[in-house]
Amino acid sequence: MDVNVLEVKDYLNVPSDVFVVTEKTYNEKKDMLKKFIEGYQNSAEWMINHPVEAADLAVKYAIDGKDQKHNLEIIKLRNESSISNATYERGLGAFEPDVLQQGADTYKKLGLIEKDLNMEDVIVEEFLPKKK
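Residue numbering for the sequence shown is 0 to 131, as defined by numbering that gives the first Met the number 0.
If you are wondering where the hints come from, they were derived from the structure by calculation, not from laboratory data.
The calculated lysine-lysine pairs, modelled on BS3-like cross-linking and capped at a C-alpha distance of 27 Å, are:
| # | residue 1 | residue 2 |
| --- | --- | --- |
| 1 | 59 | 75 |
| 2 | 107 | 23 |
| 3 | 114 | 23 |
| 4 | 75 | 65 |
| 5 | 75 | 34 |
| 6 | 23 | 34 |
| 7 | 23 | 33 |
Work out the full structure, taking the sequences as your base and the hints as a guide.
See the structure below:
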């Protein structure tokens, strides 16, 4: 059987680092979700502020991170891609719903999802850190 694999990342420039939970999980486990997001944000912020140290830790702990210089370049790129107008305005972890909406609409057009999605209805930013 022939298979045609479509790598969405090769065609769409949309953020892919999102955490998705069911409405039930969101409603029943808000405290746990808040703690998880805070930990994730703290680690991301630390990596942004300490890229050399993060690259050193990757040598010790990452399965595929044995080259410190390579790790540092990846971390620098990752850090740059984590910052946007939304993060400057609303904090690390903020999304740009219009960008995600374009991605959702394209996924639908390509047949990757069946239902229309309204990103304004599903994006929650209540766990974002307060701007200092």
